[in-house]
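Add 13 to the 1-based position in the sequence shown for our numbering, that's all there is to it.
Worth double-checking, as some hints may not be accurate.
[What the hints assert, rightly or not] Pair ranges (Cβ atoms, derived):
1. 78 x 33: 34 to 42 Å
2. 99 x 42: 53 to 61 Å
3. 22 x 52: 37 to 45 Å
4. 72 x 42: 14 to 22 Å
5. 75 x 53: 15 to 23 Å
6. 23 x 50: 34 to 42 Å
7. 92 x 54: 30 to 38 Å
8. 24 x 56: 44 to 52 Å
[What the hints assert, rightly or not] Pairs of lysine-lysine residues, derived as DSSO-like cross-links and limited to a Cα-Cα distance of at most 27 Å, are as follows:
9. 94 x 81
10. 23 x 71
11. 71 x 81
12. 94 x 71
Keep in mind the hints are simulated off the structure, nothing from the lab. On a predicted model such as this, the values are computed, not experimentally measured, just so you know. Glycine included, each C-beta is placed from N, C-alpha and C at the ideal position.
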Amino acid sequence: MSEPAATERKISDDLIRLVYMFLFLIAMRISCSLICIIALVQFIIVIFSRKGNPEILKFSEGLSSYLKNITRYLDYNTEQKPWPFSSWENT
Numbered sequence: 014m015s016e017p018a019a020t021e022r023k024i025s026d027d028l029i030r031l032v033y034m035f036l037f038l039i040a041m042r043i044s045c046s047l048i049c050i051i052a053l054v055q056f057i058i059v060i061f062s063r064k065g066n067p068e069i070l071k072f073s074e075g076l077s078s079y080l081k082n083i084t085r086y087l088d089y090n091t092e093q094k095p096w097p098f099s100s101w102e103n104t
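Make a model of the complete structure from these sequences and hints.
Shown next as structure tokens:
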């Protein structure tokens, strides 16, 4: 009988990942709602001041990157869990 390869995943690892995936799906829904609010606020700011708010732009850029990292984790493109399991600067 041959021993299982070191790269084989255990079913318990997959179940733990499923829990993380569920939590990140919740975080993704919240983040998408935030993006809608940010877009509306930024639109109102642009209407009145004719330029965007740089702090909001910086935050929304980080949030967009965070959503990308969540998607990469959910799609099995990476094993690295997004924030809060890694630093926000990695987003």
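Hint check:
At about 19 Å, the CB distance of residue 78 to residue 33 disagrees with the hint of 34 to 42 Å. Checked against the hint of 53 to 61 Å, the C-beta distance between residue 99 and residue 42 comes to roughly 20 Å, which is inconsistent with it. Between residue 22 and residue 52 the beta carbons are some 39 Å apart, a value that agrees with the proposed interval 37 to 45 Å. The hint said 14 to 22 Å for the Cβ distance between residue 72 and residue 42, and at roughly 18 Å that hint holds.
As the Cβ distance of residue 75 to residue 53 is approximately 18 Å, the hint placing it in 15 to 23 Å holds. With their beta carbons about 41 Å apart, residue 23 and residue 50 fall inside the hinted range of 34 to 42 Å. At about 35 Å, the CB distance of residue 92 to residue 54 agrees with the hint of 30 to 38 Å. Restraint check, residue 24 to residue 56: a C-beta distance of roughly 48 Å satisfies the suggested window 44 to 52 Å.
For a cut-off of 27 Å, the pair hint linking residue 94 to residue 81 stands: about 12 Å separates their Cα positions. Between residue 23 and residue 71 the CA atoms are separated by roughly 40 Å; this puts the pair beyond 27 Å, and the hint is violated. Taking the CA atoms of residue 71 and residue 81, the gap is about 16 Å. The hint holds against a cut of 27 Å. Pair hint residue 94 plus residue 71 holds up; C-alpha atoms about 22 Å apart against a cutoff of 27 Å.
When held up to the earlier numbered hints, the structure conflicts with 1, 2 and 10 and fits the remainder.
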